[in-house]
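Engineer: Could you build all of it, start to finish, from the sequences and the hints given here?
Each residue of the sequence shown is one higher than the one before, counting from 62 in the working numbering.
Note that these hints are calculated values from the structure, not bench results.
The beta-carbon is built from N, C-alpha and C at its ideal position, and this holds for glycine as well.
One should not assume that every hint holds.
Claimed, not checked - Quick list of simulated restraints, FRET-style, between CB atoms: (1) R95 - F291: 25 to 33 angstroms; (2) Q66 - N172: 24 to 32 angstroms; (3) T150 - M286: 47 to 55 angstroms; (4) S142 - S69: 42 to 50 angstroms; (5) E140 - F177: 48 to 56 angstroms; (6) R237 - L284: 48 to 56 angstroms; (7) H165 - N211: 21 to 29 angstroms; (8) F291 - R176: 42 to 50 angstroms; (9) R64 - H165: 41 to 49 angstroms; (10) L213 - L89: 36 to 44 angstroms; (11) N212 - N152: 39 to 47 angstroms.
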Amino acid sequence: MNRAQIISEAKKVVSTELKSIKTINSSLDNNFYRIVKIIFETKGRTIVTGIGKSGHIANKISATLSSTGTPSHFIHATEASHGDLGGITKNDCILCLSNSGQTHELNDIINYSKRFNIPLLSISANKQGMLYKKSDCGIIFKKPIEACPNNLAPTSSTTMMLILGDAIAVTLIKMRGFNKSHFGNFHPGGNLGKDLVQLSDIMHGKSELPLAKINEKMSSVLLKMTKKSFGCV
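Structural biologist: Right, dumping it as structure tokens:
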């Protein structure tokens with residue numbers, strides 16, 4: 062492929078995914094409202110799970126929820142069947158992601174939710190699928206054409222799930238009154254953390270500074286410099 066063909070192919074991908082994104086508003090219905098309310102009222106954590114590419118999106122959604130005031134934890138659907146179900150409590154809710162809604166690896170976590178009466182929420186593209194039918198509440202998005210030339214590799218579908226996850230998280234931000242100060246508490250690292258840090262968070266008080274008088278003995282000065290750990294006085 063030459064330069065023009067490569068750029069043309071990339072534009073087709075963007076165009077295909079944009080067409081899919083434009084259909085998402087139809088998924089923002091009463092079920093979306095119910096899911097947001099259930100997560101908001103959950104006393105424990107929101108457990109987000111999935112398999113394959115949906116699992117990667119689930120992990121990101123969980124991270125976004127946690128950093129914006131909604132306690133969340135990602136559990137890989139396969140690992141859930143090998144002991145990680147023990148990390149889910151009766152105070153939690155579960156959000157399952159699956160494009161097909163037929164992912165058999167989700168069966169154990171679904172059955173666990175029913176056994177302990179844990180709210181089961183879902184995002185999928187199949188209203189006739191096992192996941193939607195077994196969910197207490199589910200969001201259905203219109204099955205998209207994948208940007209992959211074979212219409213197989215999850216591309217448009219994972220983008221749609223990610224956007225729906227962001228819509229849930231940002232709506233919860235508004236509902237919780239979550240502000241920059243709260244965000245700074247959860248995200249002290251990186252450039253975002255630096256932008257939110259206040260002078261009072263990093264400034265040393267007078268008692269912490271290695272201060273010495275001009276006529277103070279050198280032995281006392283050296284002792285202060287050592288104790289305060291600034292390397293100076």
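Engineer: Would you mind marking each hint as holding or not holding in the structure?
Structural biologist: Hint check results:
no. : hint                            : in the structure
1   : R95 - F291: 25 to 33 angstroms  : 56 angstroms, violated
2   : Q66 - N172: 24 to 32 angstroms  : 49 angstroms, violated
3   : T150 - M286: 47 to 55 angstroms : 51 angstroms, holds
4   : S142 - S69: 42 to 50 angstroms  : 44 angstroms, holds
5   : E140 - F177: 48 to 56 angstroms : 18 angstroms, violated
6   : R237 - L284: 48 to 56 angstroms : 49 angstroms, holds
7   : H165 - N211: 21 to 29 angstroms : 23 angstroms, holds
8   : F291 - R176: 42 to 50 angstroms : 58 angstroms, violated
9   : R64 - H165: 41 to 49 angstroms  : 44 angstroms, holds
10  : L213 - L89: 36 to 44 angstroms  : 28 angstroms, violated
11  : N212 - N152: 39 to 47 angstroms : 41 angstroms, holds
Violated hints, listed in ascending order, are 1, 2, 5, 8, 10; each of the other numbered hints is respected by the structure.
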